[in-house]
Amino acid sequence: MTLTADFSVLETLEFDDDGFLANASDWTEDIAIAVAAVLEIELTEMHWQVINFARAEFEANGEAPTIRRITKAGGVPTKELYSLFPGGAAKTAAKIAGLPKPTGCI
Amino acid sequence: MTNADILAKIKGGSSDKDKPRKLCLIASKGSLDMAYPPLILANAALMSGIEVEIFFTFWGLDIITKKKMDKLQVATVGNPNMHPMFHIPTFLGGLPGMSYLASVMMRKEIDALGFPPVGEFMETVIDAGAKVYGCKMSMDMMKLTEEDMIDGTEILGAMEFMEVSEGAQVLFV
Chain A
1 MTLTADFSVL ETLEFDDDGF LANASDWTED IAIAVAAVLE IELTEMHWQV
51 INFARAEFEA NGEAPTIRRI TKAGGVPTKE LYSLFPGGAA KTAAKIAGLP
101 KPTGCI
Chain B
1 MTNADILAKI KGGSSDKDKP RKLCLIASKG SLDMAYPPLI LANAALMSGI
51 EVEIFFTFWG LDIITKKKMD KLQVATVGNP NMHPMFHIPT FLGGLPGMSY
101 LASVMMRKEI DALGFPPVGE FMETVIDAGA KVYGCKMSMD MMKLTEEDMI
151 DGTEILGAME FMEVSEGAQV LFV
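Order-wise, the sequence lines are chains A and B.
Each residue of the first sequence is one higher than the one before, starting from 1 at the first, in our numbering.
Each residue of the second sequence is one higher than the one before, starting from 1 at the first, in our numbering.
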């Protein structure tokens, strides 16, 4: 692991078997930084734009936005989204944003 | 649960890292209804972090042919699903304009579900990292060149496809 962060914030939390935060309401920005560091991602302003958009959509609609919604309404092009969140943009972004595993097909 | 367990969970099984999963799709059909399955599967795989290669052959080439990709049609004759879905009895399906009409209806339904038109969907999967191949023999037969195809298309023979699909899960659509 090349990135360091305060991993102790993760200790008291519950994660599902696939590594997604069990309760989206437990999420804090420090958790996002720690989870991203585990995935070897250093969060930049663009990452936060996506995370905050996804969190806001989740709070408004009760479900994580689809990748298409993030690119269309969130204003982050597909190519960039995949390079910001390597290893499958939908899964990686949801993990960091503390949202449930995405189930949408698009 | 120890901290190490949590970190491993978030990372998602270290064994996966050694051998990344790869999906190879063969898209052989060019009707509007059959263009979506390979695109939806490719997109789902990419969103999950699975590598994707799509080999377009025969009528499937229409999906990546610039002039045709957004004009694909659904068949109204010889399609047993037509009646219950679109209420078009087979004997009327052959009338001029029927296929066009059914295609317009289907495009509307697809749009209502939040799925993009074929051309935009292709651009999305390419931007998301899918590799796209056009079958050389089919392209020769249909007099297509690289300029006719969506940007990023590589022309490949069947034997070369055997090489690129080595070790992948292969799906024929």
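Just so you know, these hints were derived from the structure itself, not from any lab.
All values derive from a computational prediction rather than experimental measurement.
Hints should not be assumed to be uniformly reliable.
Unchecked claim - DMTMM-like, lysine to aspartate or glutamate: derived pairs with alpha carbons at most 20 Å apart:
1. K71/B x D148/B
2. K79/A x D127/B
3. K9/B x E11/A
4. K9/B x D16/A
5. K9/B x D17/A
6. K131/B x E51/B
Please list, smallest to largest, the hint numbers that this structure does not respect.
Violated hints: none; all satisfied.
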